[in-house]
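Participant: Residue numbers (the working numbering), protein chains in the order written: chain A, 2 to 255; chain B, 14 to 89.
The reader is advised that the hints may include incorrect statements.
[Stated by the list, open to error] Below, in silico cross-link-like pairs of lysine-lysine (DSSO-like), each with a Cα-Cα straight-line distance of 27 Å or less:
1. A:Lys65 with A:Lys51
2. A:Lys51 with A:Lys78
3. B:Lys63 with A:Lys78
4. A:Lys65 with A:Lys42
5. A:Lys64 with A:Lys78
6. A:Lys74 with B:Lys63
7. A:Lys78 with A:Lys147
8. A:Lys65 with B:Lys63
9. A:Lys147 with A:Lys160
10. B:Lys63 with A:Lys64
11. A:Lys51 with A:Lys64
12. A:Lys78 with A:Lys42
[Unchecked claim] Just a few of them, taken from the derived set where beta-carbon distance is under 8 Å, the chain A residues facing chain B:
13. Arg194
14. Phe196
15. Gly197
16. Phe200
17. Ala201
[Said to hold, decoys possible] Just so you have them, the derived chain A footprint on chain B, three or more residues with Cβ under 8 Å:
18. 57–71
19. 77–84
Derived by calculation from the structure, the hints in this document are not laboratory data. Remember, predicted model here, so these are calculated numbers, not experimental data. Glycine included, C-beta positions come from ideal geometry on N, C-alpha and C.
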Amino acid sequence: MQAVNVKSPVLFEFFNLNITSGLLSSFVVAVALILFLLLAKRQFALVPSKFQIIAESTLLFFKKNIDSAFEDKQMAKRFLPMIFVMFWFILLANQFTILPFIADLTNNDGVKFFQSPTSDINLPLAWALMVVGLSHVMALSIAPIKHIGGFLKFGELLKVRSIGGLFNALLEIFLGLLDIIGEIARVVSLSARLFGNIFAGELMIMVMVFIVPYIIPIPFIFLSIFGGLIHAFIFPLLSLQYLALTINNAQSNS
Amino acid sequence: MEIEAAKLLAAGLAIGLGAIGPGIGEGIIAGRTLEAMGRNPEVSDDLFSKMIVAMAICESTAIYALVVAFLILFAF
Chain A
2 MQAVNVKSPV
12 LFEFFNLNIT
22 SGLLSSFVVA
32 VALILFLLLA
42 KRQFALVPSK
52 FQIIAESTLL
62 FFKKNIDSAF
72 EDKQMAKRFL
82 PMIFVMFWFI
92 LLANQFTILP
102 FIADLTNNDG
112 VKFFQSPTSD
122 INLPLAWALM
132 VVGLSHVMAL
142 SIAPIKHIGG
152 FLKFGELLKV
162 RSIGGLFNAL
172 LEIFLGLLDI
182 IGEIARVVSL
192 SARLFGNIFA
202 GELMIMVMVF
212 IVPYIIPIPF
222 IFLSIFGGLI
232 HAFIFPLLSL
242 QYLALTINNA
252 QSNS
Chain B
14 MEIEAAKLLA
24 AGLAIGLGAI
34 GPGIGEGIIA
44 GRTLEAMGRN
54 PEVSDDLFSK
64 MIVAMAICES
74 TAIYALVVAF
84 LILFAF
């Protein structure tokens, strides 16, 4: 059975930068995505082509969700391109290795050139960090005092009038500190969910191919493709909810 | 106990125990959605997409257990 790598292998070095197979594949996915969307854009017409139908219907789906999530319509319009591209990137990245023969290309040392970029923890982790970081940067730029005050609720101590009030204030401070842990948990849950699903799907196919090489792995391949499709929807929708929650909260009273 | 044996046991326990909760949760989600679909068939398309999203979120605890099992097996 093939060795399983949680860490994607280093192919070569480029100015002291390790180019791993996951990184190389994500570059290929990015180029493919740009070509696909340019192709969809070139043929815009009143009678839509196939590419245009696919691009427009996914855009409308996310537009509907974004408009209902954000209270501020200007803000919703600003986030639409990011969420839309996030969906397409993750969709293509999840399905990358079902292209025939692409998973079998190896260099002289037997290291694979390509793997699903999302089956390396670094890509989902980078996306999740970016989403949660962006939500806090936006909230800080809208209402800095209010946003920090939402986590460090020491102002509650000033309102204390009795012993029971003191207890409540301490509880509030404790809950605020718990929210900070909650923000870190968001990063972990977003990234681990995507990584775990894609990695588990690939590993399951690998095990099934090892046990019975023919016919039997096919349902598992379908399951993996289906899971990849679902999680391409889940990741942008959840990051949208996180962004909207933090930003709406900052905007509400300012 | 050998350290290898302990690793194998730990990975098996991690995913085995971690899969119990999400299994029950997904069953509840699917059952309630089917109930609602049976009561009001017009909204079944809308409900189906929401059910898939809810299931994927519910599944994530199982996925964490799986990631932990993989980390025990392959990373350490």
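Participant: Taking 27 Å as the top limit, are the C-alpha atoms of A:Lys65 and A:Lys42 close enough?
Facilitator: Holds. A:Lys65 to A:Lys42 sits at ~21 Å (cutoff 27 Å).
Participant: Are the Cα atoms of A:Lys78 and A:Lys42 separated by 27 Å or less?
Facilitator: 19 Å, holds
Participant: Under the criterion that the straight-line Cα-Cα distance not exceed 27 Å, is the pair A:Lys74, B:Lys63 satisfied?
Facilitator: 24 Å, holds
Participant: Hey, does the A:Arg194 contact hint survive, CB to chain B under 8 Å?
Facilitator: With Cβ-Cβ at 5 Å, under 8 Å, it holds.
Participant: With the threshold set at 27 Å, check whether the alpha-carbon distance from B:Lys63 to A:Lys78 stays at or below it.
Facilitator: 24 Å, holds
Participant: Hint check: A:Lys65 vs B:Lys63, CA-CA at most 27 Å. Holds or violated?
Facilitator: 14 Å, holds
Participant: Is A:Lys51 within 27 Å of A:Lys78, Cα to Cα?
Facilitator: 25 Å, holds
Participant: Does A:Lys78 pair with A:Lys147 here, judged by a C-alpha cut-off of 27 Å?
Facilitator: Roughly 24 Å separates the two Cα atoms, so the pair holds.
Participant: Apply the coverage criterion to the region 77–84 of chain B and chain A: a residue qualifies when its Cβ sits closer than 8 Å to a Cβ of the chain, and three qualifying residues are needed.
Facilitator: holds (count 5)
Participant: Identify whether the interface hint at A:Phe196 stands, where standing means a beta carbon of chain B within less than 8 Å of its own.
Facilitator: Holds - the Cβ of A:Phe196 comes within 8 Å of chain B, reaching about 7 Å at its closest.
Participant: Would the hint linking B:Lys63 and A:Lys64 be met if the CA-CA limit is 27 Å?
Facilitator: 17 Å, holds
Participant: So if I understand the rule, the pair passes when the alpha-carbon distance is 27 Å or less; does A:Lys147 with A:Lys160 pass?
Facilitator: Holds: A:Lys147 and A:Lys160 sit about 17 Å apart, inside 27 Å.
Violated hints for the displayed structure: none, as all numbered hints are satisfied.
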